[in-house]
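*Asks:* Sequence:
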Amino acid sequence: MGKKFLKFEYLLLFAVFTIATCGLVYELVAGTLASYLLGDSVKQFSFIIGVYLFSMGIGSYFSKFLTKNMLNTFVEIEILVGLVGGLSSVVLFLLFESVYSFQFVLYLFVFITGCLVGLEIPLLMNILKDKVAFRDLVSNVFTFDYIGALLASILFPLVLVPKLGIMGTSLFFGMINISIAIALCFLLKNELKKVNWLRTKAIVSFLILLTVFIFSGSILSYSEGKMYGENIIYSNSTPYQRIVLTHNKSDYRLYLNNNLQFSSTDEYRYHEALVHPVMAMAKKVEHVLVLGGGDGLAVREILKYNDVQDVTLVDLDQGMTKMFKTNTILTGFNHNSLNNTKVTVYNQDAFVWAKSCKKKYDAVIIDFPDPSNYSLGKLYSLNFYATIKSILSPDAVIVVQTTSPYFAPKSFWCINKTLMAVFPQVDAYHAYVPSFGEWGYSIAINGFGTTFNTVNRQVKGLRFYNYQFDKFNYFSKDMISNDIEVNRLDNQILVRYFDEEWGKL
650 MGKKFLKFEY LLLFAVFTIA TCGLVYELVA GTLASYLLGD SVKQFSFIIG
700 VYLFSMGIGS YFSKFLTKNM LNTFVEIEIL VGLVGGLSSV VLFLLFESVY
750 SFQFVLYLFV FITGCLVGLE IPLLMNILKD KVAFRDLVSN VFTFDYIGAL
800 LASILFPLVL VPKLGIMGTS LFFGMINISI AIALCFLLKN ELKKVNWLRT
850 KAIVSFLILL TVFIFSGSIL SYSEGKMYGE NIIYSNSTPY QRIVLTHNKS
900 DYRLYLNNNL QFSSTDEYRY HEALVHPVMA MAKKVEHVLV LGGGDGLAVR
950 EILKYNDVQD VTLVDLDQGM TKMFKTNTIL TGFNHNSLNN TKVTVYNQDA
1000 FVWAKSCKKK YDAVIIDFPD PSNYSLGKLY SLNFYATIKS ILSPDAVIVV
1050 QTTSPYFAPK SFWCINKTLM AVFPQVDAYH AYVPSFGEWG YSIAINGFGT
1100 TFNTVNRQVK GLRFYNYQFD KFNYFSKDMI SNDIEVNRLD NQILVRYFDE
1150 EWGKL
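So that you can map any letter, position 180 of the sequence shown is 829 in this note's numbering, and since no number is skipped, the others follow by simple counting.
Hints in this document: simulated from the structure, not taken from any laboratory.
Mixed in with the good hints there might be a few duds.
[Said to hold, decoys possible] Listed below are the simulated BS3-like cross-link pairs for lysine-lysine, each with C-alpha atoms no more than 27 Å apart in a straight line:
#, residue 1, residue 2
1, Lys953, Lys1007
2, Lys991, Lys933
3, Lys932, Lys1007
4, Lys974, Lys991
5, Lys1009, Lys933
6, Lys850, Lys991
7, Lys1027, Lys1004
8, Lys1004, Lys933
9, Lys1066, Lys1004
10, Lys933, Lys1120
11, Lys778, Lys713
12, Lys933, Lys953
13, Lys1007, Lys1038
14, Lys713, Lys850
15, Lys838, Lys717
16, Lys1038, Lys991
17, Lys974, Lys1008
18, Lys778, Lys875
Turn these sequences into a full structure, and let the hints guide you.
*Replies:* Next comes the structure, spelled out in C-alpha coordinates:
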(Lines of atoms letter the chains of each structure in order from A and count residues from 1; the text may use other names and numbers.)
(Lines give C-alpha, C1' and ligand atoms only; values in the text may rest on other atoms or scores of the structure.)
Protein backbone atom coordinates (compact mmCIF):
# COMPACT_ATOMS: atom_id res chain seq x y z
CA MET A 1 0.00 0.00 0.00
CA GLY A 2 2.87 2.37 0.84
CA LYS A 3 4.56 1.85 -2.51
CA LYS A 4 1.26 2.26 -4.31
CA PHE A 5 0.62 5.55 -2.55
CA LEU A 6 4.14 6.74 -3.18
CA LYS A 7 3.52 6.23 -6.89
CA PHE A 8 0.24 8.14 -6.57
CA GLU A 9 1.90 11.05 -4.76
CA TYR A 10 4.76 11.45 -7.18
CA LEU A 11 2.54 11.18 -10.22
CA LEU A 12 0.60 14.17 -8.94
CA LEU A 13 3.79 16.02 -8.01
CA PHE A 14 5.11 15.46 -11.54
CA ALA A 15 1.83 16.89 -12.85
CA VAL A 16 2.44 19.98 -10.67
CA PHE A 17 5.93 20.21 -12.15
CA THR A 18 4.55 20.22 -15.70
CA ILE A 19 1.82 22.74 -14.89
CA ALA A 20 4.41 25.07 -13.31
CA THR A 21 6.76 24.68 -16.27
CA CYS A 22 4.06 25.13 -18.88
CA GLY A 23 2.35 27.95 -16.98
CA LEU A 24 5.52 30.01 -16.93
CA VAL A 25 6.13 29.23 -20.61
CA TYR A 26 2.64 30.55 -21.46
CA GLU A 27 3.40 33.70 -19.46
CA LEU A 28 6.71 34.17 -21.33
CA VAL A 29 4.92 33.58 -24.64
CA ALA A 30 2.37 36.27 -23.77
CA GLY A 31 5.10 38.71 -22.73
CA THR A 32 7.14 38.07 -25.86
CA LEU A 33 4.08 38.40 -28.08
CA ALA A 34 3.17 41.66 -26.37
CA SER A 35 6.63 43.09 -27.01
CA TYR A 36 6.60 41.79 -30.62
CA LEU A 37 3.15 43.11 -31.48
CA LEU A 38 2.72 46.10 -29.18
CA GLY A 39 6.29 47.22 -28.52
CA ASP A 40 7.08 48.81 -25.15
CA SER A 41 8.45 45.51 -23.83
CA VAL A 42 9.32 46.82 -20.35
CA LYS A 43 5.77 47.86 -19.59
CA GLN A 44 4.16 44.84 -21.25
CA PHE A 45 6.31 42.28 -19.43
CA SER A 46 5.79 44.09 -16.13
CA PHE A 47 2.01 44.15 -16.55
CA ILE A 48 1.88 40.53 -17.68
CA ILE A 49 3.92 39.31 -14.71
CA GLY A 50 1.70 41.32 -12.37
CA VAL A 51 -1.55 40.05 -13.89
CA TYR A 52 -0.27 36.47 -13.94
CA LEU A 53 0.72 36.50 -10.27
CA PHE A 54 -2.51 38.25 -9.28
CA SER A 55 -4.61 35.71 -11.18
CA MET A 56 -2.70 32.85 -9.53
CA GLY A 57 -3.81 34.34 -6.21
CA ILE A 58 -7.41 34.46 -7.44
CA GLY A 59 -7.17 30.82 -8.50
CA SER A 60 -5.74 29.84 -5.13
CA TYR A 61 -8.61 31.61 -3.36
CA PHE A 62 -11.32 29.85 -5.35
CA SER A 63 -9.69 26.44 -4.91
CA LYS A 64 -11.29 26.22 -1.46
CA PHE A 65 -14.68 25.85 -3.13
CA LEU A 66 -13.59 22.75 -5.07
CA THR A 67 -14.38 20.05 -2.55
CA LYS A 68 -15.88 17.27 -4.66
CA ASN A 69 -14.10 14.91 -7.06
CA MET A 70 -10.88 16.82 -6.47
CA LEU A 71 -8.68 14.33 -8.35
CA ASN A 72 -10.90 14.55 -11.42
CA THR A 73 -10.84 18.34 -11.13
CA PHE A 74 -7.05 18.27 -10.94
CA VAL A 75 -6.85 16.31 -14.21
CA GLU A 76 -9.38 18.60 -15.88
CA ILE A 77 -7.30 21.63 -14.87
CA GLU A 78 -4.28 19.99 -16.53
CA ILE A 79 -6.34 19.66 -19.72
CA LEU A 80 -7.65 23.22 -19.53
CA VAL A 81 -4.20 24.70 -18.90
CA GLY A 82 -2.96 22.85 -21.98
CA LEU A 83 -5.83 24.00 -24.18
CA VAL A 84 -5.95 27.63 -23.08
CA GLY A 85 -2.20 28.13 -22.89
CA GLY A 86 -1.45 26.10 -26.01
CA LEU A 87 -3.93 27.94 -28.20
CA SER A 88 -3.24 31.39 -26.72
CA SER A 89 -0.51 32.41 -29.16
CA VAL A 90 -2.51 31.18 -32.16
CA VAL A 91 -5.59 33.16 -31.17
CA LEU A 92 -3.55 36.28 -30.34
CA PHE A 93 -1.70 36.22 -33.66
CA LEU A 94 -4.96 35.80 -35.59
CA LEU A 95 -6.81 38.52 -33.68
CA PHE A 96 -4.08 41.16 -33.60
CA GLU A 97 -5.18 42.96 -36.76
CA SER A 98 -8.93 42.41 -36.41
CA VAL A 99 -9.77 43.06 -32.75
CA TYR A 100 -9.98 46.62 -31.43
CA SER A 101 -9.27 45.71 -27.80
CA PHE A 102 -6.36 43.37 -28.48
CA GLN A 103 -4.78 44.07 -25.11
CA PHE A 104 -7.96 42.99 -23.36
CA VAL A 105 -7.81 39.62 -25.13
CA LEU A 106 -4.11 39.30 -24.32
CA TYR A 107 -4.58 39.93 -20.60
CA LEU A 108 -7.69 37.77 -20.52
CA PHE A 109 -5.60 34.80 -21.65
CA VAL A 110 -2.96 35.64 -19.05
CA PHE A 111 -5.63 35.92 -16.36
CA ILE A 112 -7.35 32.63 -17.21
CA THR A 113 -4.05 30.75 -17.42
CA GLY A 114 -2.91 32.22 -14.10
CA CYS A 115 -6.17 31.29 -12.39
CA LEU A 116 -5.92 27.69 -13.60
CA VAL A 117 -2.27 27.39 -12.53
CA GLY A 118 -3.15 28.99 -9.17
CA LEU A 119 -5.76 26.28 -8.53
CA GLU A 120 -3.33 23.38 -8.81
CA ILE A 121 -1.16 23.68 -5.67
CA PRO A 122 -4.01 24.17 -3.15
CA LEU A 123 -6.01 21.46 -4.90
CA LEU A 124 -3.13 18.99 -4.77
CA MET A 125 -2.49 19.76 -1.11
CA ASN A 126 -6.15 19.07 -0.31
CA ILE A 127 -5.96 15.77 -2.20
CA LEU A 128 -2.90 14.65 -0.24
CA LYS A 129 -3.43 16.35 3.14
CA ASP A 130 -4.62 13.19 4.91
CA LYS A 131 -2.01 10.94 3.33
CA VAL A 132 1.27 12.84 3.64
CA ALA A 133 2.81 14.65 6.59
CA PHE A 134 2.14 18.39 6.18
CA ARG A 135 5.84 19.32 6.33
CA ASP A 136 6.77 16.83 3.61
CA LEU A 137 3.77 17.76 1.51
CA VAL A 138 4.56 21.50 1.48
CA SER A 139 8.24 20.87 0.83
CA ASN A 140 7.66 18.48 -2.07
CA VAL A 141 4.92 20.50 -3.74
CA PHE A 142 6.83 23.78 -3.77
CA THR A 143 10.10 22.07 -4.74
CA PHE A 144 8.49 20.55 -7.84
CA ASP A 145 6.69 23.82 -8.60
CA TYR A 146 9.78 26.04 -8.46
CA ILE A 147 12.02 23.57 -10.30
CA GLY A 148 9.46 23.57 -13.10
CA ALA A 149 9.53 27.37 -13.23
CA LEU A 150 13.33 27.38 -13.37
CA LEU A 151 13.36 24.84 -16.22
CA ALA A 152 10.92 26.94 -18.24
CA SER A 153 12.88 30.16 -17.77
CA ILE A 154 16.07 28.46 -19.02
CA LEU A 155 14.59 26.55 -21.94
CA PHE A 156 12.42 29.37 -23.29
CA PRO A 157 15.11 31.72 -24.69
CA LEU A 158 17.85 29.15 -25.33
CA VAL A 159 15.96 26.31 -26.98
CA LEU A 160 12.23 26.77 -27.42
CA VAL A 161 11.89 30.08 -29.29
CA PRO A 162 14.87 29.45 -31.64
CA LYS A 163 13.69 25.92 -32.49
CA LEU A 164 9.90 26.12 -32.34
CA GLY A 165 9.04 29.81 -32.51
CA ILE A 166 6.50 31.51 -30.26
CA MET A 167 3.43 29.77 -31.67
CA GLY A 168 5.06 26.34 -31.82
CA THR A 169 6.33 26.68 -28.24
CA SER A 170 2.92 27.33 -26.71
CA LEU A 171 1.31 24.51 -28.73
CA PHE A 172 4.09 22.08 -27.84
CA PHE A 173 3.76 22.77 -24.12
CA GLY A 174 -0.01 22.57 -24.40
CA MET A 175 0.44 19.02 -25.72
CA ILE A 176 2.80 18.25 -22.82
CA ASN A 177 0.13 19.39 -20.35
CA ILE A 178 -2.52 17.24 -21.94
CA SER A 179 -0.15 14.26 -22.32
CA ILE A 180 0.29 14.29 -18.53
CA ALA A 181 -3.49 14.37 -18.16
CA ILE A 182 -3.80 11.35 -20.47
CA ALA A 183 -1.12 9.52 -18.51
CA LEU A 184 -2.94 10.22 -15.23
CA CYS A 185 -6.15 8.88 -16.74
CA PHE A 186 -4.43 5.56 -17.42
CA LEU A 187 -2.21 5.29 -14.35
CA LEU A 188 -4.82 6.43 -11.83
CA LYS A 189 -7.87 4.88 -13.47
CA ASN A 190 -8.93 3.19 -10.23
CA GLU A 191 -8.89 6.48 -8.30
CA LEU A 192 -10.67 8.58 -10.94
CA LYS A 193 -14.41 8.76 -11.56
CA LYS A 194 -15.89 8.59 -15.06
CA VAL A 195 -12.36 7.92 -16.27
CA ASN A 196 -13.42 7.01 -19.82
CA TRP A 197 -15.11 10.38 -20.33
CA LEU A 198 -12.12 12.19 -18.83
CA ARG A 199 -9.73 10.24 -21.03
CA THR A 200 -11.79 11.05 -24.12
CA LYS A 201 -11.69 14.79 -23.34
CA ALA A 202 -7.94 14.63 -22.87
CA ILE A 203 -7.31 12.74 -26.11
CA VAL A 204 -9.59 15.01 -28.16
CA SER A 205 -7.87 18.08 -26.70
CA PHE A 206 -4.47 16.63 -27.55
CA LEU A 207 -5.56 15.95 -31.14
CA ILE A 208 -6.82 19.53 -31.49
CA LEU A 209 -3.47 20.92 -30.41
CA LEU A 210 -1.56 18.45 -32.57
CA THR A 211 -3.58 19.44 -35.63
CA VAL A 212 -3.01 23.14 -35.00
CA PHE A 213 0.70 22.45 -34.36
CA ILE A 214 1.03 20.69 -37.74
CA PHE A 215 -0.51 23.70 -39.51
CA SER A 216 1.09 26.34 -37.26
CA GLY A 217 3.50 27.43 -40.00
CA SER A 218 0.62 28.19 -42.36
CA ILE A 219 -1.33 29.93 -39.59
CA LEU A 220 1.67 32.10 -38.73
CA SER A 221 2.22 32.99 -42.39
CA TYR A 222 -1.44 33.95 -42.74
CA SER A 223 -1.49 36.08 -39.58
CA GLU A 224 1.79 37.84 -40.42
CA GLY A 225 0.57 38.44 -43.96
CA LYS A 226 -2.46 40.26 -42.51
CA MET A 227 -0.23 42.14 -40.09
CA TYR A 228 2.28 43.44 -42.62
CA GLY A 229 0.02 43.66 -45.65
CA GLU A 230 2.94 42.52 -47.81
CA ASN A 231 4.29 39.26 -49.20
CA ILE A 232 6.46 37.55 -46.61
CA ILE A 233 9.44 35.90 -48.28
CA TYR A 234 11.45 35.04 -45.16
CA SER A 235 10.73 34.76 -41.45
CA ASN A 236 12.71 33.38 -38.55
CA SER A 237 12.73 33.52 -34.75
CA THR A 238 16.09 33.84 -33.03
CA PRO A 239 16.70 33.86 -29.25
CA TYR A 240 16.55 37.67 -29.43
CA GLN A 241 13.96 38.69 -32.00
CA ARG A 242 11.49 37.79 -34.73
CA ILE A 243 12.94 38.55 -38.17
CA VAL A 244 10.55 39.05 -41.10
CA LEU A 245 11.48 40.07 -44.66
CA THR A 246 8.67 41.23 -46.95
CA HIS A 247 8.45 42.09 -50.64
CA ASN A 248 6.01 44.40 -52.35
CA LYS A 249 6.66 45.35 -55.98
CA SER A 250 10.23 46.70 -55.96
CA ASP A 251 10.41 47.28 -52.20
CA TYR A 252 11.91 44.85 -49.69
CA ARG A 253 11.32 45.57 -46.00
CA LEU A 254 12.95 44.07 -42.94
CA TYR A 255 11.02 43.93 -39.66
CA LEU A 256 12.48 43.06 -36.27
CA ASN A 257 9.86 42.27 -33.63
CA ASN A 258 7.24 43.92 -35.83
CA ASN A 259 9.27 47.15 -36.08
CA LEU A 260 10.47 48.32 -39.48
CA GLN A 261 14.26 48.11 -39.66
CA PHE A 262 14.74 49.30 -43.24
CA SER A 263 13.08 49.67 -46.61
CA SER A 264 15.21 48.90 -49.65
CA THR A 265 13.84 51.97 -51.44
CA ASP A 266 15.29 54.53 -49.03
CA GLU A 267 17.70 52.78 -46.63
CA TYR A 268 20.59 54.44 -48.49
CA ARG A 269 19.50 57.78 -47.04
CA TYR A 270 19.68 56.47 -43.48
CA HIS A 271 22.99 54.66 -43.90
CA GLU A 272 24.75 57.37 -45.90
CA ALA A 273 23.79 59.91 -43.23
CA LEU A 274 24.90 57.52 -40.50
CA VAL A 275 28.32 56.60 -41.91
CA HIS A 276 29.77 59.28 -44.16
CA PRO A 277 29.95 62.25 -41.77
CA VAL A 278 32.11 60.14 -39.45
CA MET A 279 34.28 58.81 -42.25
CA ALA A 280 34.82 62.32 -43.62
CA MET A 281 35.68 63.99 -40.28
CA ALA A 282 37.95 61.39 -38.67
CA LYS A 283 41.69 62.10 -39.00
CA LYS A 284 42.18 58.48 -40.05
CA VAL A 285 39.85 55.52 -40.69
CA GLU A 286 42.16 52.54 -40.75
CA HIS A 287 40.32 50.68 -37.97
CA VAL A 288 36.54 51.05 -37.87
CA LEU A 289 34.08 49.61 -35.34
CA VAL A 290 30.38 49.01 -35.97
CA LEU A 291 28.14 48.20 -32.99
CA GLY A 292 24.78 46.77 -34.00
CA GLY A 293 24.11 47.02 -37.72
CA GLY A 294 23.97 43.25 -38.23
CA ASP A 295 22.41 43.83 -41.66
CA GLY A 296 25.83 44.90 -43.00
CA LEU A 297 24.44 48.03 -44.65
CA ALA A 298 26.58 50.41 -42.62
CA VAL A 299 29.60 48.18 -43.33
CA ARG A 300 28.79 48.47 -47.04
CA GLU A 301 29.19 52.25 -46.81
CA ILE A 302 32.40 52.00 -44.77
CA LEU A 303 34.06 49.71 -47.32
CA LYS A 304 33.73 52.42 -49.99
CA TYR A 305 36.80 54.09 -48.43
CA ASN A 306 40.16 52.71 -49.55
CA ASP A 307 41.81 53.91 -46.32
CA VAL A 308 39.93 51.28 -44.31
CA GLN A 309 42.15 48.38 -43.28
CA ASP A 310 39.71 46.46 -41.13
CA VAL A 311 36.13 46.64 -39.85
CA THR A 312 34.93 45.04 -36.64
CA LEU A 313 31.18 44.37 -36.39
CA VAL A 314 29.66 43.48 -33.01
CA ASP A 315 26.03 42.32 -33.15
CA LEU A 316 24.37 40.16 -30.52
CA ASP A 317 22.17 38.13 -32.88
CA GLN A 318 23.99 35.45 -34.85
CA GLY A 319 20.75 34.67 -36.68
CA MET A 320 20.72 38.21 -38.04
CA THR A 321 24.32 38.32 -39.24
CA LYS A 322 24.11 34.81 -40.68
CA MET A 323 21.04 35.78 -42.69
CA PHE A 324 22.80 38.83 -44.15
CA LYS A 325 25.83 36.72 -45.00
CA THR A 326 23.95 33.95 -46.83
CA ASN A 327 20.61 35.19 -48.19
CA THR A 328 21.20 36.18 -51.82
CA ILE A 329 18.59 38.95 -51.76
CA LEU A 330 20.10 40.49 -48.63
CA THR A 331 23.72 40.14 -49.73
CA GLY A 332 22.64 42.08 -52.81
CA PHE A 333 21.59 44.96 -50.56
CA ASN A 334 24.76 45.01 -48.46
CA HIS A 335 27.04 44.18 -51.43
CA ASN A 336 28.17 41.02 -49.62
CA SER A 337 29.90 43.25 -47.08
CA LEU A 338 29.83 40.80 -44.17
CA ASN A 339 31.81 38.28 -46.22
CA ASN A 340 34.51 40.81 -47.08
CA THR A 341 37.98 39.77 -45.89
CA LYS A 342 38.40 43.12 -44.09
CA VAL A 343 35.37 42.43 -41.90
CA THR A 344 35.35 40.48 -38.62
CA VAL A 345 32.01 39.70 -36.99
CA TYR A 346 31.53 39.07 -33.26
CA ASN A 347 28.14 37.86 -32.06
CA GLN A 348 28.35 39.19 -28.53
CA ASP A 349 26.68 41.68 -26.23
CA ALA A 350 28.37 44.97 -27.15
CA PHE A 351 28.27 46.13 -23.52
CA VAL A 352 30.37 43.15 -22.42
CA TRP A 353 32.54 43.05 -25.55
CA ALA A 354 33.60 46.70 -25.25
CA LYS A 355 34.83 46.23 -21.68
CA SER A 356 37.25 43.50 -22.76
CA CYS A 357 38.37 45.13 -26.02
CA LYS A 358 42.07 46.11 -26.19
CA LYS A 359 42.12 47.51 -29.72
CA LYS A 360 41.91 51.23 -30.57
CA TYR A 361 39.48 52.43 -33.24
CA ASP A 362 39.54 55.52 -35.44
CA ALA A 363 35.82 55.64 -36.15
CA VAL A 364 32.82 54.05 -34.43
CA ILE A 365 29.33 53.68 -35.91
CA ILE A 366 26.68 52.74 -33.34
CA ASP A 367 23.52 51.43 -34.95
CA PHE A 368 21.60 49.79 -32.12
CA PRO A 369 17.82 49.32 -32.07
CA ASP A 370 15.90 52.08 -30.34
CA PRO A 371 16.10 52.09 -26.51
CA SER A 372 12.71 50.47 -25.92
CA ASN A 373 13.81 48.41 -22.91
CA TYR A 374 16.47 48.40 -20.21
CA SER A 375 18.74 45.88 -21.92
CA LEU A 376 18.96 48.29 -24.89
CA GLY A 377 18.92 51.40 -22.73
CA LYS A 378 22.23 50.39 -21.13
CA LEU A 379 23.83 50.69 -24.60
CA TYR A 380 22.96 54.40 -24.61
CA SER A 381 24.21 55.05 -21.07
CA LEU A 382 26.97 57.23 -19.65
CA ASN A 383 28.82 54.11 -18.53
CA PHE A 384 28.78 52.58 -22.00
CA TYR A 385 29.99 55.73 -23.74
CA ALA A 386 32.83 56.03 -21.23
CA THR A 387 33.82 52.46 -22.11
CA ILE A 388 33.73 53.29 -25.82
CA LYS A 389 35.91 56.36 -25.22
CA SER A 390 38.59 54.10 -23.71
CA ILE A 391 38.95 52.15 -26.98
CA LEU A 392 39.16 55.20 -29.26
CA SER A 393 42.30 56.62 -30.83
CA PRO A 394 42.97 60.38 -30.41
CA ASP A 395 40.53 62.47 -32.48
CA ALA A 396 38.45 59.41 -33.33
CA VAL A 397 34.84 60.16 -34.29
CA ILE A 398 31.78 58.32 -33.03
CA VAL A 399 28.19 58.49 -34.28
CA VAL A 400 25.02 57.10 -32.66
CA GLN A 401 21.60 56.69 -34.26
CA THR A 402 19.39 58.58 -31.83
CA THR A 403 15.78 57.96 -32.93
CA SER A 404 13.55 60.73 -34.31
CA PRO A 405 14.04 64.34 -33.10
CA TYR A 406 10.51 65.09 -34.31
CA PHE A 407 8.56 62.20 -32.76
CA ALA A 408 10.82 61.70 -29.75
CA PRO A 409 12.76 64.92 -28.99
CA LYS A 410 13.33 64.06 -25.31
CA SER A 411 14.88 60.73 -26.24
CA PHE A 412 16.97 62.32 -28.98
CA TRP A 413 18.44 65.09 -26.82
CA CYS A 414 18.89 62.74 -23.85
CA ILE A 415 21.32 60.65 -25.91
CA ASN A 416 23.05 63.79 -27.13
CA LYS A 417 23.42 65.15 -23.60
CA THR A 418 24.78 61.81 -22.38
CA LEU A 419 27.48 61.93 -25.05
CA MET A 420 28.31 65.51 -24.02
CA ALA A 421 29.14 64.24 -20.52
CA VAL A 422 31.89 62.02 -22.00
CA PHE A 423 33.31 63.63 -25.15
CA PRO A 424 34.88 67.07 -25.65
CA GLN A 425 33.05 67.83 -28.91
CA VAL A 426 29.44 66.73 -29.53
CA ASP A 427 26.92 67.77 -32.16
CA ALA A 428 23.64 66.50 -33.60
CA TYR A 429 22.10 66.25 -37.05
CA HIS A 430 19.14 64.66 -38.82
CA ALA A 431 18.03 63.42 -42.21
CA TYR A 432 14.66 62.76 -43.80
CA VAL A 433 14.06 59.07 -44.54
CA PRO A 434 10.61 58.57 -46.12
CA SER A 435 9.95 55.24 -44.35
CA PHE A 436 10.70 56.75 -40.94
CA GLY A 437 10.30 60.51 -41.25
CA GLU A 438 12.91 62.79 -39.70
CA TRP A 439 15.61 60.61 -38.19
CA GLY A 440 18.42 61.78 -35.96
CA TYR A 441 22.05 61.14 -35.11
CA SER A 442 24.49 62.37 -32.48
CA ILE A 443 28.16 62.66 -33.35
CA ALA A 444 31.18 63.15 -31.07
CA ILE A 445 34.91 63.74 -31.50
CA ASN A 446 37.47 62.32 -29.07
CA GLY A 447 39.71 65.41 -29.06
CA PHE A 448 40.17 68.76 -30.77
CA GLY A 449 42.32 67.76 -33.76
CA THR A 450 39.39 67.85 -36.18
CA THR A 451 35.99 69.56 -36.45
CA PHE A 452 32.50 68.67 -37.59
CA ASN A 453 32.91 70.63 -40.82
CA THR A 454 36.25 69.04 -41.70
CA VAL A 455 36.29 66.80 -44.78
CA ASN A 456 39.45 64.70 -44.66
CA ARG A 457 38.22 62.27 -47.31
CA GLN A 458 35.20 61.54 -49.43
CA VAL A 459 33.95 59.05 -51.99
CA LYS A 460 32.01 59.61 -55.18
CA GLY A 461 28.69 58.13 -56.14
CA LEU A 462 26.69 58.82 -52.99
CA ARG A 463 22.99 59.28 -53.66
CA PHE A 464 22.12 61.44 -50.65
CA TYR A 465 24.90 62.76 -48.39
CA ASN A 466 26.90 65.64 -49.90
CA TYR A 467 29.62 66.18 -47.22
CA GLN A 468 28.09 69.52 -46.21
CA PHE A 469 27.50 68.73 -42.56
CA ASP A 470 26.07 72.12 -41.66
CA LYS A 471 23.14 71.45 -44.01
CA PHE A 472 22.06 68.56 -41.75
CA ASN A 473 22.37 69.99 -38.23
CA TYR A 474 19.74 72.72 -38.21
CA PHE A 475 16.80 71.89 -35.90
CA SER A 476 13.46 73.68 -36.00
CA LYS A 477 11.65 74.55 -32.75
CA ASP A 478 9.40 71.48 -32.87
CA MET A 479 12.48 69.24 -32.69
CA ILE A 480 13.99 70.87 -29.59
CA SER A 481 13.52 69.69 -26.02
CA ASN A 482 15.05 71.16 -22.87
CA ASP A 483 15.44 70.06 -19.24
CA ILE A 484 16.67 66.62 -20.22
CA GLU A 485 18.57 64.30 -17.88
CA VAL A 486 21.68 62.25 -18.68
CA ASN A 487 20.98 58.53 -19.18
CA ARG A 488 22.77 56.57 -16.46
CA LEU A 489 22.66 52.86 -15.72
CA ASP A 490 21.01 53.51 -12.38
CA ASN A 491 18.18 55.67 -13.72
CA GLN A 492 17.62 54.53 -17.34
CA ILE A 493 15.71 57.76 -17.88
CA LEU A 494 16.06 57.33 -21.64
CA VAL A 495 13.81 54.24 -21.65
CA ARG A 496 11.14 56.22 -19.83
CA TYR A 497 11.42 59.10 -22.30
CA PHE A 498 11.20 56.66 -25.18
CA ASP A 499 8.14 54.85 -23.77
CA GLU A 500 6.41 58.16 -23.08
CA GLU A 501 7.02 59.61 -26.55
CA TRP A 502 6.61 56.63 -28.83
CA GLY A 503 3.77 55.22 -26.71
CA LYS A 504 1.60 58.11 -27.91
CA LEU A 505 2.03 56.89 -31.48
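*Asks:* Is the straight-line distance between the alpha-carbon of lysine 838 and that of lysine 717 27 Å or less?
*Replies:* Judged against 27 Å, a Cα distance of about 17 Å means the pair holds.
*Asks:* What's the verdict on lysine 1004 and lysine 933, does the C-alpha distance respect the 27 Å limit or exceed it?
*Replies:* Holds, at about 23 Å.
*Asks:* Mind checking the alpha carbons of lysine 932 and lysine 1007 for me, to see if they're no more than 27 Å apart?
*Replies:* Satisfied, since the Cα-Cα distance of roughly 20 Å is no more than 27 Å.
*Asks:* Below or equal to 27 Å on CA atoms is what counts here, so check lysine 850 against lysine 991.
*Replies:* violated (61 Å)
*Asks:* Is lysine 1066 close enough to lysine 1004, meaning Cα to Cα at most 27 Å?
*Replies:* Holds - the C-alpha atoms of lysine 1004 and lysine 1066 are around 22 Å apart, at most 27 Å.
*Asks:* For the pair we were handed, lysine 1009 and lysine 933, check the Cα-Cα distance against 27 Å.
*Replies:* holds (12 Å)
*Asks:* Does lysine 933 pair with lysine 953 here, judged by a C-alpha cut-off of 27 Å?
*Replies:* The given pair, whose Cα atoms are some 14 Å apart, holds under the 27 Å limit.
*Asks:* Could you grab the alpha-carbon distance between lysine 953 and lysine 1007 and see if it respects the 27 Å cut-off?
*Replies:* holds (26 Å)
*Asks:* Straight-line Cα separation of lysine 778 and lysine 713 no greater than 27 Å?
*Replies:* holds (13 Å)
*Asks:* Going straight from one Cα to the other, do lysine 974 and lysine 1008 come out at no more than 27 Å?
*Replies:* Cα-Cα ~25 Å, so holds.
*Asks:* Are the Cα positions of lysine 1038 and lysine 991 separated by 27 Å at most?
*Replies:* Distance of about 23 Å is within 27 Å: holds.
*Asks:* For lysine 778 and lysine 875, compute the direct alpha-carbon distance and say whether it is at most 27 Å.
*Replies:* Violated - the C-alpha atoms of lysine 875 and lysine 778 are around 52 Å apart, more than 27 Å.
The structure does not agree with the numbered hints 6 and 18 stated previously, though it agrees with the rest.
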